[in-house]
Structures are given as C-alpha cells and as structure tokens.
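Participant: Here is how the chains run, residue by residue.
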Amino acid sequence: MQYRHGAGRKIGTFMMFAGPATLVFAVVMVLPFLYGILLTFTDWDGKAVQLSFVGLANYATVFGDAAFWSSMLLTLRFAAFTVVLTNVVAFLLAFALSSGLKGSSFFRAGFFTPNLIGGIVLGFVWQFVFSRVLPVLGKLIGSGALSTSWLGDPGRAFWAMVIVTVWQYSGYMMVIYIAGLTSVPPELLEAASIEGAGGWAKLRRIILPLLVPSIIICVFLTIQRSFMVYDLNLALTGGGPYKSTVLVSMNVYQTAFLSQQYGPGQAQAFFLFLIVAAVSIAQVYFGKKREVEL
Amino acid sequence: MRASRVLTLVVSLVLASGAAFADKVSITLLNTKGEIQAPLESAAAAFNAENPGITLEIQPVQVGQSPFQVISSLYAAGNAPALYMGDANDMMQFSDKFANLKGEKWIKDSTDNFEQVTTISGAVIGFPLTVEGYGMIYNKAVLAKAGVDPAKIHATKDLEAAFKKVEASGAGALVIAPMDWSLGSHFIGISYSLAAKNQTGLMKLVDDLKAGKVELSKQKPFVGLLDTFDVMKQHNVRKADALAVTYDDCPALIGPGKVGFYFQGNWTWPQVSGFATDQDGFGFIPVPVSNVSSDKGNNGIPVGITKYIAIDKTQNSAAQQAAAKKFLEWLVYSKSGQSALVNDCNIIPAFKNITLQPKDPLAKSIRQYMSKDATLFWVNMPAPDHWSKVGASMQKYLVDKIDRAGLYKEIQDYWKALK
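If you read the protein sequences in the order shown, they are chains A and B.
For the first sequence, the positions run 1 to 294 when this note's numbering is used.
For the second sequence, the positions run 1 to 419 when this note's numbering is used.
Calculated from the structure, these hints are not laboratory results.
No residue lacks a Cβ here, since even glycine has one placed at the ideal position from N, Cα and C.
Worth double-checking, as some hints may not be accurate.
What the hints assert, rightly or not - Straight-line C-alpha distance at most 30 Å; calculated DSBU-like pairs for lysine-lysine: (1) Lys139(A) x Lys401(B); (2) Lys47(A) x Lys313(B); (3) Lys47(A) x Lys325(B); (4) Lys102(B) x Lys47(A); (5) Lys47(A) x Lys210(B); (6) Lys352(B) x Lys313(B); (7) Lys47(A) x Lys97(B); (8) Lys233(B) x Lys325(B); (9) Lys409(B) x Lys233(B); (10) Lys213(B) x Lys139(A); (11) Lys296(B) x Lys313(B); (12) Lys352(B) x Lys108(B).
Stated by the list, open to error - If you want a taste of the chain A side facing chain B, the calculated C-beta under 10 Å gives, among others: (13) Leu93; (14) Phe95; (15) Tyr242.
Bound-form chain B, shown alone (with noise of 0.2 Å):
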C-alpha cells in the first residue's frame, strides 16, 4: 500500500518536471580556452536571464587533455556539445559535423577574410572568437633607462645592440620561454608565415616539405630566424638552465622590470599585468629575421584568428542549434555580449561593428600593427602535432644539444614522416 503511494508520488514529479523541461532549450559550450572559464561563464548566466527559454553551460577541458580526444569522446557518446570552441585544425577535422553559418548576420560585419580558413566546399562552420597576435614584448620603462627605442629595432644586429643596452643598465636582457608550443608553434611559425606569404602558399610549402624537396639551410626566412635566436639564447637571461623555464616564471621577470624583453603573445597579458608596475608599460616589437631593416619580417608581427565556434549539426536538435545561432548573435550584437566578450574575457573581436576594446597594452599595440596592415599572415599548421615534435627539437636547438645542421634535419625528417 505504502509503495504504491510512493511510487504516485514519483511519477507525478517525474511527469511535472518532464513538462517543465519541455519549455527549455538546454545547450552546451565546450571551452577550451582554460584562461576564460570564469568570464565565459557569467557571459552564460547573463545570456540565461535574457533568454528565458535557454540554459546555456560552458564546460571546461580538464588541464592536460587535449581537446581534440575530449570532442572525439563526447562525439562517440553521444554527447556533442552544441557549441564547440575549437581552433582552425579543429573546424577542418570536424568538418562534417557543423552546421553551415553562411546565412548569419555576423559574417559582413567581421574583420579580415577568416572564411579563407573556415569555408569547406561552399559552407562557412567557423564563427571567429579571438583576435591573437605575438611578437617580442618589451618593458618600455626598462627600454627607457636603458637609452633604447623600440620603434627603431628592425634587424638582428638591431635587438643584439638592444640587448647589450639593458644588460649594461642593470636588467637582464630577455627570459626565453622554452615550452613546444611556444617554441614549436609560435616562434617557428613566423619563419613558415614569411616563406608561405598565405594560406595556399602554406600547403604548397608543407606538400614540398612532406615530399623532402625543402632545404630549410636555403630558406632565408628559416636561417634569419634562427640567427635571431641565436642571439637571444646568447642573451637569455636563464641561460644556465634554460629548460627548467615556466610558463609561470616569464610574467614574474618581465612585469616588474627583471628583463626587458619577453616573446610571448599578448594571451599572457593577465599573467603580466599581476607583476607590471606599470599597467600600460608594455608593447610588441617584431622579432627580427635579417639585417635588411625593410624586410616585411622585420616590420610586422603575426596576427590571426586563433579560436573559432561552430555549431554541432548531427548530435543536437534543431531548437538547440537555433538557440547556438542566437547566443553567436548575441556575443556580436547586444551590449551585454559585446561587453562580455571584450572586457571580461579580454578578447580582441574580430568584428567591425564592436567599438570597444581591450584596454591592455598589449592587445592597443596589436590593434596598431593592425590599423597599419603591417601583420604577418598567422600560420595554422595542417599537422597535429607539429608544436610538440618540432618544439622538442627547438628545445634541443635551446640547449645545443644539437647543432642548426641537425635541427634543420629533424625538421625535414618530420615533415618526411608525415602520412
């Protein structure tokens, strides 16, 4: 008797509260950019309260795992989540599985030719997020003791002179962040940027390189880099133990003033801001690749779109995916959104329409080089794994553990042994 009353009472909750889900769409945003979680989070809460009939999740990627084995499991389970943020590799891999945005309102309104990289036979899947740039970021008050002008460094003999300078006046010259994907995809990336000039260069060149006909000891863009950090490793100011370096140790040298020079990119900018005294002293300088002052190396720091959103098509319902488009919508065109975007996350959009910006130096002397057109085209490298593979082998270059015979050689050996 008992049982049966129980067992009432549970079906009719059961049945009450499927009726209140039916009202609510429910959808989920995997976030891979772990420094946005918070931000991104009370973006969701705010897109919840003006969108009654939505709930919106942002689920993060535990540290360590690669998002590409999270998005294969939750694809296998079933599980996709409606919005997935993901990177230029991410949207091509996945490509079968976004719906196409080619109708969106946003698309007129963005910035530079980002469907170069996001159009896949006619459909647009990518809606670009974050503006990102890199280059040598300077500390302009120790520049400024040290008698330096950072708007007149434009050639390798240009930053050695530079450095010369910091060292005598006190401070180290420059701490090398010696982690593979800053070396391995970043630093190495401005060589393959100059030498492939644009997308379709960029596979021309990695074709040549999967069938061995490069010789990167005759690729100037390769040798003027790598002579540049030559340079730099004779300078490091860590140059005892350069690889027991953190990701975390740079900010705390080049904030208050410990080196004047730091290549990072500008994602770092909450970590530096923690230890800068001075919250505007900070900007980007191009890292040099020759001694030719006007070489466009020498005047231009890459700058791209480095993550894009796309909406899952096969594992979430037309409701959810309309309700994904709206939240995209939203990011570009309400206040709320646009103000979540730039000031909380601090991202740089990539749409005309928002006026406002990021107020870090940082992302200001990116804005410059752009409102110049003096940036180079951001290199996203059609291999997985090409950050961690040739990244090792920088760091082996870091250490002389190998000379620039061999490190030229276990980059073509890689390329080599791509599928």
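With the rest of the complex left out, here is chain A (with noise of 0.2 Å):
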C-alpha cells in the first residue's frame, strides 16, 4: 500500500469522513438555493417547460409590494418580542434550576418538553384554547378581555402567537443556560462572596459575562426560528383574522402558492434570507466582543 504524503492525503482523509454529508448538502441545500435564486430572474410560473429571463422586475414587484414590506415589519416586532420574552424566561428558568432545588432534573424535563410537540400539533392545540378553553375561564371569572376568542382580534391574535412562541422555545433555550451556569466555575463565586458581593453583584460582574456564549447562541437561535415561523403560523392563526398576522414566511408561500406568482414569491424568499442572514451574522459578531475570556 502506498501512503500519499501531505495535502493529498489530507483531502483523501477528508473525502472519507466528510464527503457523504457535503455532497448531500450541497445537493439537497446550496444547488437548490443556487437555483432559486436564477429563477428570480425569470418570469417561471411553476409548471411552464420554456424560461424567459426578465432580469430584475421580480425584484421590482416585491420592491413595491406593500403587503410584503407590511408582513416583514410585523415579523419584525413579532421577533423581536418572541427573542427578549424567550431568552429572559429561559434564563431565569435556567437560574432557578440550577441552584440546587430538590427535583430539578424533573422540572427541566417538563420545561423542555413543549419544545418536543412539533409546530402544527402545537398550533392546534393552541387554537383549541384560546379560542375554546379561555373564553369558556373568561365568562366564569368575568374577565371581559378573556371572554372572546384571541383569535377573532388582529392585536390579541398576534399575543397568541407571541405566547405560543415563548412556550416552545423557552425550554430549549434553558437548556443552554443551564449547562452555561453550570460552566461557572464555584470557586470565582465562592471568591465574590468573601470579598463581599452580594447576589446581584454576582450575578452582573461574574455570571453573565462568563454567560456571553450561551446568549450568543440563545439569541441566534431565536432570531432565526421567529423570523422563519410558518408552521405555528398557519396553525394558530391561519394568518387571520383578516390577514392580519401573516408573517413574512406566510406571506412569501401565498404570492408562490397561493397567488401563483413564482418568480415574486422566490424574489421575497430571497431577501427574507438576506434580512435573517445579515441581522445573525451581525448579532453573532458583536456577540463574539463581548466574550469573556478566563
């Protein structure tokens, strides 16, 4: 047997171990994605056999379409509500769960387990409740705002969807806190304490900069999955009351599916992928900054 020195047998070891998955990938993920985005240049309507390039006017129409920038700001505030109310649910369920409590593993495994119901089936059940369990609790305790469906009101369906969000993802996220403040070395803490700093001292000047990863990866994470949401979307809500919470995801399926306008429909998904890509690698970068070296 002969042994290749150097570069090739690097790239040989490579082949081996890496290879099966970067083909599947680039198959099933970058040739598509690739694709897609020529067919933004064309005026393709999903079933034609004969491509005619029309350069940017796809670009043009989601440009001027007013319901596509309308979905986009909603998801806008939709993320950033879902990624503040999750990471801060999900660390403080992460601090009171790693203090040493009696059961603690039970609760963790209860608070993640949301996380496991898939998003249609989660939507469902959602549904189920607010629009048939709370009323019935409203009329009881005489709760006017509990009284009607959430879902029948634009504002009150959007905090549905806010609600459900949070309860999904929280337990996933506090997961990655928990082994983050588990990572705490105690002997700084113990350090802290003899010198005299009490638990809110602690928890600013020692925990949460040694924390900084964990966040980073927690609200990477939430940014990506709130501005991508279609499944609980269409569960949930359906979009409803009257288009009203159609978020961009939603609306970038309709003007394919729906309207039946391929090329404008890629053109949206197109920039949804640059507005998500820009703001996490934004994120992730003045995240790394911050990090704490010990």
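Dock the two chains into a complex; use the hints.
Facilitator: Dropping the structure here:
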C-alpha cells in the first residue's frame, strides 16, 4: 500500500469522513438555493417548460409590494418580542433550576417538553385553548378580555402567537443556559462572596459575562426561528383574522402557491434570507466581541 | 462464495417480480376532495377487482396543502398522476398537459354544457365529476315551529321577517360561517353570477374590473346581496365573536335546530347529518338579492360542476392513459361505479344516464331547482387567490372593521392590482 503524503492525504481523509455529508448538503441545500436565485430572474410560473429572462422585474415587484413589507415589519415586531421574552424566561428558569433545588431534573424535563411538540400540533392545541377554553374561563371569572376568542382580533392574535412561541422555545434555551451556568467555576463565586459581593453583583459581574457564549447561541437560535416561523402561523391563526397576522414566510408561500406568482415569491424568499443572514451575522459578531476569556 | 449465492437469489427475485409487474398497469388518482378519500379508496378496490390488469391507487392531498402546489411538485418531479381531480381553474392552468377526451362515450350523456368551461382549443380535457350547489340551508322543524313558509321567501324583507319570527319562537335566526372561502368565493359569487350571467359575461366583467371601469356601488347584484348580508349580520347568533366561529361549529347549530338558517353548500351534508335530529328536514332557499320577488337571484340557487377529472398525457404511457379512461367509463356506466359515486361518495352525478341519486335532503333540494331550471350560473373565478383576498375583505366587513364603501374599494383594488 502506498501512503500519500501531505495535502493529497489530507484531502483523501477529508473526503472519506466528510465527503458523503458534504455531497448531500450541496445537492439538497446549495444547488436548490442557487437555482432558486436563478429563477428569480425569470418568469417561471411553476409549470411551464420554457423559461425567459426578465431581469430585475421580480425584484421591482417585491419592492413595490406593500403586503410583503407590512408582513416583514410585523415579523420584525414579532421577532423582537419573542427573542427578548424567550431569553428572559429561559434564563430565569435556568437560574432557578441550577441552584440545586430538589427535583430540578424533573422540572428541567418538564419545561423542555413543549419543544418536542411539532409546530402544527402545537398550533391546533393552542387554537383550541384560545378559542374554546379561555372564553369559558373568562366568562366564569367575568373578565372581558378573556371572554371572546383571542384569535378573532388582530392585536390579541399577535400576542397569542408570541405567547405560544415563547412557551415552545423557552425550554430549549433553558437547557443551553443551564449548561452555561453549570460551567461557571464555583471558586469564583465563593471568592466573590468572601469579598462581600451580594447576589445581584455576582450575577452582573461574574455570571452574565461568563454566560455570553450561551447568550449568543440562544439569541441566534431564537432570531432565526422567529423570523422563519410558518407552521405555527398556519396552525394557530392561519394568517387571520382577515390576514392581519400573516408573517413573512406565510406571505412568501401565499405569493408563490396561492397567487401563483413564483418569480416574486422566490424573490421575496431571497430578501428574507438576506435580512435574516445580515441580522444573525451582526448579532454573532457583536456578541463575540463581548466574550470574556477566563 | 456466500455473497455470490445471496446475489444470485436477489437478482432472480428482482427479475421474477419484474416479470409480474410487466402485466399490470399501475395508475394513480390525485384526490383533492378530502371528504371522499375513504369511499374513493373502496371504489378503487372494487374497480381493481373487476379489472385485474389495472391497479388504481388514490393519492390524498394533506390538510392545508394547496392542490396547485401538490400537482406542480408532482409534475416537476416527473411523477404526475394519471388522473387529476381539479377545479375549472386547474383545468385551464394545466391544459397543455391533459389528454383530449373528445371521443369518449360519456360526453353525450353529460347534463349541462360543461364543455363551455373545459374545452380548450377544441379539445375536451375535463370529466365532470361533481354537481354541487349552495344557498341558504333551512331547518324545516325550526321554521315550522316559527310559522315560516320557506317557499314564500323571495325578497330581503321576507328573509328579515323570517329571521324575526324564528327568534321570537326561541331559536337563533342564523349562524354565519366566517371562513374566507365561504364568504369570498360562494357568497359574493352570487353577485358575480347575476352580474355576469354566463362564462363570456364573466370574462368581460373581470376584464372591466381589472381595468378599473366597474363601480360596484352602482351594480345592483352587489348592492342587493350586501344589503341582505347586513340583515344576516344583525341576526347572526354569534354576532359577538363572529370570526371565532369555525366550520365545525355550524353543523352543530343547524343540525339540531338551534338556528333556523345557515348559508353553505350541499357538501356539508355529512357534517350536518351527524347532528341532525330529522335526517330529512332540510332544504335550500335562495339568498335574496333585492325586494323584487320576481328577480332571478331571488328564485334560483347557484348550481354547477365543481370538480373535474383530467388525464395526464405527458408523463403517463398510452397504456396508463387507456386504463385511466377505463376508470372514468366505469364510474359512469357500471353498476358498481355508479353506486360508488352516488351512494358512497354522496355526489350528485353530472350524467343523464345515471338514475341513482343521492338520498340526502340537500341534494334532493338541488335537483328540484335543477328540474325547474331555477339555477344560477356557477362562477369559476379566473383568479386563484380571489377567495382568500376578497374573503379577508368580507371578514373585515362582517365585523364592521370597514364599511360598505371600504368593501367596494377593497374588491375593486384587488382586481386592479391583478396582472
């Protein structure tokens, strides 16, 4: 047997271990992505055999499409609330469950379970809760805000979506925060106590800075998930009432498949990709700068 | 040694099964009518038993998927079904992929002139599957108790008087189903039907709407229908949270007689029947569009062919297309096929030779209107998202988020924005 030296051998080893996965990734994700970008410059309608190039016409349509931009704004608002609330709730839960209470493992498993339920089932369960269970409870306790379905009013339907999303993802982020919290060296905290630091000071000056990597990961994940939400949007509100909760992924789907305009739909999807990529990269970049080395 | 023995065994198995497959023709039908999936599958089993050389498989569409999305992806994947069940728009969209069924036996036996809709450049591409109709469903027992004669309601004021009498007798007047497809396609479709009168009129109306030449506030069918809608809104038993009503809530109200009226089509019979105390106690009356009793809209309900079956010619072999045509013939001419269509799937057939008819009261009511020739032209809107967008506008009008002028503007703007 011949041993190959240097670069050749490295490439050979790489291909053997990572080759299949790279090939699958390229075929399933990279190629369709590039082909999709190519399609945005044509007038393909989903079934025609001939393609003709139309230049930037589809992008011009997207720029002038008020419905797309208003759904983008709504998604930004949704993402802002969801990211902040999910991370705050997750951090508080993680903090409470890593202080050595009895039964922490049971609670950790319990809080993580909502994340295991798929988006469509989750949406239908909560739709049932918001439109049938809460009104009954609301009439019992005489609360006006609860006695009609939350899904019948644009403002409250928006908050219904925020609540369900926070409920779904807090558990997952909590697990990441717990991992971060348990890796804070206890000697540091002991040393701080000896020098007279109170709980709040310890949190601000020791725990949070050391938790920055976990915060970066959690914020990145929640941003990506809240921008791209579709299954929950479909199952919980369906974009209603009267299209007031159509988030941007649903807008893309409806433009492409409901209104049967593939070109503008694909162009909208590409815009969404650019915006989410820009936000995520910016967030990771600025986050990394605040990382503290032990 | 062992490996080569296993290999021989595998290869011979594959060859043997290949030989067996070569005898059977395998075709698929893409079913876009979820409520008949189970009866269609038993119909396929019966057809397969009678035709041992053909295997027909029924492919369903998932809840929430648009049929257009499913069929486009199947064509793109090179996996198109031999038979596709679609509506008139789908027939027109994919017309270049469908076989010409002009010489088929059942064309001369079909009822109304369905060819108007599915003849593209001289080729007939759609087999008419279902005849459906919609209107104001009434519960006979509730109306009898309130002293209302449904046959005498031919004007908006008659309907309003009926609502008040039903309420006085202790039941709710009506429930409005707020789904976008119900309001934006069926309900407002009545106005389009009366304004257009036929398919040619509809294409002209749509062109005028796209050019911005139509003022809906001056179109009597629209004004009159929406005046009736105002009356309906006032007496809606779920007025307080009108948009929270779901499609499943309504049969539970009209079936046992908690309300007297419900606007919907005969496709909802399986759901209503589940709640109905009297399995024969329902019928249709037209939704009034004016106070002039003799107006056409006050005396007829929209009835039309809602689903067609087309045969794919681009990705299915000649043998498969022939098998597909055999299935369509079997539906029309064989006893088991007719029984599957009418008794199991509960479909009103579009063929004169089929003497079997559905037994449910809504279908009987539709057949009465058909026999009196008191039907309105069924509108196939040549815009795929009309039901969704105009439906959303109707929902806003239902909860008074916009007023009548706002509704007219939104509908006019919708058409102007279409290319």
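Participant: Next step is simple, just say for each hint if it's right about the structure.
Facilitator: Hints, verified against the model:
no. : hint                  : result
1   : Lys139(A) x Lys401(B) : 25 Å, holds
2   : Lys47(A) x Lys313(B)  : 15 Å, holds
3   : Lys47(A) x Lys325(B)  : 24 Å, holds
4   : Lys102(B) x Lys47(A)  : 24 Å, holds
5   : Lys47(A) x Lys210(B)  : 25 Å, holds
6   : Lys352(B) x Lys313(B) : 28 Å, holds
7   : Lys47(A) x Lys97(B)   : 10 Å, holds
8   : Lys233(B) x Lys325(B) : 47 Å, violated
9   : Lys409(B) x Lys233(B) : 20 Å, holds
10  : Lys213(B) x Lys139(A) : 49 Å, violated
11  : Lys296(B) x Lys313(B) : 42 Å, violated
12  : Lys352(B) x Lys108(B) : 9 Å, holds
13  : Leu93                 : 32 Å, violated
14  : Phe95                 : 38 Å, violated
15  : Tyr242                : 4 Å, holds
Checked against the numbered hints given earlier, the structure breaks hints 8, 10, 11, 13 and 14 and satisfies all the rest.
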